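**Student:** Read top to bottom, the protein sequences are chains A and B. Position one of the first sequence corresponds to residue 1 (the working numbering), numbered consecutively onward. Position one of the second sequence corresponds to residue 1 (the working numbering), numbered consecutively onward.
None of these hints come from the bench; they were simulated from the model. Keep in mind the model is a prediction, meaning the values are calculated, not measured. Cβ coordinates follow ideal geometry from the N, Cα and C atoms, glycine included. A few of these clues could be false.
[Stated by the list, open to error] Short, incomplete list of chain B residues facing chain A, as computed with Cβ under 10 Å:
id	residue
1	S33
2	R54
3	E73
4	L98
5	K100
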Amino acid sequence: MNLAEGVQFVSSIILAVMVIGAALGVVLFDKIVYSAFLLGGVFMSISGIYLLQNADFVAAAQILVYVGAVNVLILFAIMLVNKKEEFAPIPRRWIRKGAAAFVSAGLFALLTIMLFKTDWKVDFSGTPPISSIQTLGEHFFSDYLLPFELASVLLLMALIGAVVLARRETVFGEETAIVGENPAPALELPERPREPVA
Amino acid sequence: MPIEFFLTLAAALFCIGIYGLVTSRNAVRVLMSIELLLNAVNLNLITFSNFLDRQAINGQVFTVFVITVAAAEAAVGLAIILSIYRNRDTVDMEQFNLLKW
């Protein structure tokens, strides 16, 4: 084992421990804010694992999109729905938790047995491309062109859908039905007035 | 590192995500668990791309698409949670039973 392999080994172990520990924290912590910050830790550690596997562009995209966008979005959602709320206790909830833990552990055991019994045709013959982003770009604009363009349409749909869903209820039928002296300005949907915070 | 190491890691992450998805009562935490699941799948794709398909990195292309769809899903899911919180005044998954029976 030379120096590079040793460094790769040690950093793989450290990153794996970080991923599993932070993911357990996301699921098990009571406070949702702790979960959100630990989720950022999971994303960062996974990006480190991508770097170890010669995927530099995807590692950068992971940090930009997941930590920079999704995690911040989740934090904003937590702040927007932040209500001190004691969930009503449910009788025999531990049975559900136990069953879920049992199913998850069984699934993990099955997957582990499967992947240790499979003979993976590991192929180290080819060298990884010098710049992975160049190869990715060639893929995007040749054989994956249609999914690439569809992804942009999907992002536009998600953007408009999120705006439509998250805005307050519009008042069709009430004020807009009255054609008065001052009609509502064009290109503007009248919204219900914001009720004061109790 | 052998390929089994990364695949086991992805399987563990996936199972933790499944557990959180089923048991958590806060709707935002359910979304976080879905992100964990998607990350486990991405880890698998990158691993296969690195170990089985080194020259034409098709797995990384799929990972980029999955990241795109995950971002769209997070935006729409959080908008749905905001809207349902405005209507029901709670984020408890046990009380979201509009379509249950």
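**Student:** Determine for every hint whether it applies to the structure shown.
**Tutor:** So, going through the hints one by one against the coordinates:
Below 10 Å, beta-carbon pairs count as interface contacts, and S33 (chain B) has one with chain A at about 7 Å; its hint therefore holds. At a threshold of 10 Å, the smallest CB-CB gap from R54 (chain B) to chain A is about 4 Å, leaving the interface hint in force. A distance limit of 10 Å between C-beta atoms decides the matter here; for E73 (chain B) the minimum to chain A is near 8 Å, and the interface restraint holds. Given hint, L98 (chain B) at the interface with chain A, is violated; its Cβ is 15 Å from that chain's nearest Cβ, farther than 10 Å.
Of the supplied interface hints, the one on K100 (chain B) is violated, with its beta-carbon coming no nearer than about 15 Å to a beta-carbon of chain A, more than 10 Å.
This entry does not satisfy hints 4 and 5, going by the numbered hints stated previously.
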